[in-house]
Amino acid sequence: MGVVCVYMYPVPEGKSGQQVVDSMQRQLELLGAVKTGNFNVDCETYLSNNPQGTPQRSLHLLHNSEQPASCFSVLDTGTTLVADVLFEVLMAKLTQSKSGKDGFYQQRKGFKIESKGPRFEISDFVIKIGSVSMASNFKGILVEVEYCPCAIPAECWDLMREMMQSFMGTVADTPPAIVKSKKDQFYTPADTINQYLEHFTNFRKATVASQQPR
Amino acid sequence: MQKEEKHLEASLEALIQRVSELKSSIGALIGKLEHEYETLNWPSVLDSFALLSGQLTSLGRVLKGDKVPALKNQLLLPILISPEIDESLGKLTEGRVMMFNHEIPPTYLRTKPQPEVEEKTQQLVTKATCLAQDLAHKQLNNLNKFTSNLMDLMNSTKEDWENDAGHKNSQPQMCSQDDTNLLVATALYGKDLRTTRPRHPKSPQIGMMQAQQANNRQNPVMTKAPSAIKTTIKSAAASHPYQRP
Amino acid sequence: MDPSLHQALKTGIAPLHEYFLQGSILDASKEYLIHRLRGLCDHADSQPEQFNDHEMVFMLSGQQQAPFTVHLRHSLLAPECWHLRYVGVAEMGDKTRQTLVRTCLDVGVSETIIKFLNEMGFRMEYEFVARGIFFHKGIMKVTVTKMFKMNQVNDTKSLEPVSASHLVEVSVVASTSQEQIGEDMKNFAEQLKPLVLLEKVDHRKLQPVTSQTNT
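Chains as they are written, first to last, in our numbering: chain A, 1 to 214; chain H, 1001 to 1245; chain B, 2001 to 2215.
Wrong hints could be hidden among the right ones.
Covered stretches of chain A (in silico footprint by chain B; criterion: 3 or more residues with CB under 8 Å from a CB of chain B, positions within the stretch not fixed) [said to hold, decoys possible]:
id, segment
1, 66–77
2, 80–93
3, 101–107
If you're looking for bench data, these hints aren't it; they were derived computationally from the structure.
Idealized CB from N, CA, C, for every residue including glycine.
The shape of chain A in the complex, shown without the other chains (with noise of 0.2 Å):
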């Protein structure tokens, strides 16, 4: 486990994304990288059915293929926590309603979001274009480098920066947030969940910011 960035990778006027991840890969090919199959981060939300008086929690349940023996919760203080994929479970019996009455928790319908897509290797690096969808509809493109021999981004961001920059621009010129308050810290694949979460967020405000005009 290494140092990942993720970005979000806007897509120009007039071009579908299917166009924009094809011409990445196209690109990714040229310099060397090989396809190593797919991969998949999903995120699903759940809010409480807290009594009065307590705030309401929503609770980001995320999995990443890259890990595909645990599962990543993230509260909406941003605790996060890592845990067997039977966490899952432990959350449903959360949620199940039982005669008549409501779970602790209840998911919230149509608000699952995933970015799926090809996986690359090129030497040191694993490259990720992924195509975010929530119920089906395309929502943009997030793309992630890992660079696995070092795990303090401050070590390794430099020699990053050039590495993306040859096929992402300007998009890479500065570190993520998250990476960058972690500067000096082990980086952790909770991080990278984090990192996503944040994108996931930011793609559902755009939904439902587009869909309030209407």
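Fit chains H and B to the given chain A structure using the hints.
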């Protein structure tokens, strides 16, 4: 004379029977050792030994018994010695002795130990007689003392063991049902753990908040669904530490 | 996602069942039991494995819902190990069933779990320290546990034993109802008599007066 002969014959019959029993048990033990050595356990070997020892004792008893005439006084002589194979002899001895030739009688009809053994015995006897009377006495005493010490030791150990076993039987209390219940209740329901101190040390106001909630809860529900009230109040009470006895 | 997990999620039923028997042994006789267990269980030639765990029990109670309880264990020997466990109500069943059965979920979690549970709305109900050793015999797990009260909140040093006995549990976690397991466990329990009486302890009788139901 005839009476005596009959007597002898009867006692010989008895002896032969005992000996053949002994022989079959030995056979059984050998068979066991040869064929079951992989699964054989010590108790079963001990059983076989016990059987053999019992049979030997009873054979000895028969020999010493009053009913058996002194066999020492009987004469036994080979009447016919022949180098021919005797089939009936072979059958009698289960194929071990096929003919009664000149080699056989000295071995099979021997009444005294072999000369070399006899010589050795003689040597020991002379050595024993050479020994001074008081020295022999001393050694005998030593041996007796030794044996009795050993016996004492074994007896006391045996007593200890028996006492121990008796002790265990008289005090089978190694577990207590009450403790089981207490431990399970502690692990599962926090019995005795919750009452010892406030439940929410970090945020004491929560207890109050919940009490309030319990009150809030009671009133509106009361009017609507009486059947559901009890459980609601109960669970609210359950979450509050101060109301418990 | 794992299909069985998916199935479990869909039906809302945890895929795992725990079969177990409970008993206790007075501290004075513990050594006899350990000795016997070492003989009966696997790896008789190596030292039995020790554990020293801090267990915290969290409860989520709501307005309408029955309270939901989870047990969090933190190893004091390997502080990076956190383990969250949910157990359902133990079913006694009838005489033909040899063991207690309950649904259970075991989840390894990261060290953020306490904060996470608190923010989710859970509150810690009680805590204790469980110390002891465990054995394996095939898929059976045998634990001999000494339980301690904690005199100070969150202080795992100042302890006071709950009772003068060790809790003894034999358990098997299996995916489906397998009656053979019950037989095996019963036979194993027989071999520990009269040191320990491993039985189906009726949890309903031990419950505090106020009811709390988990399913």
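Against the structure, the hints:
1. 66–77: With 3 residues close enough to chain B, the hint holds.
2. 80–93: holds (count 13)
3. 101–107: It holds, with 4 qualifying residues against the three required.
Checked against the numbered hints given earlier, this structure breaks none of them.
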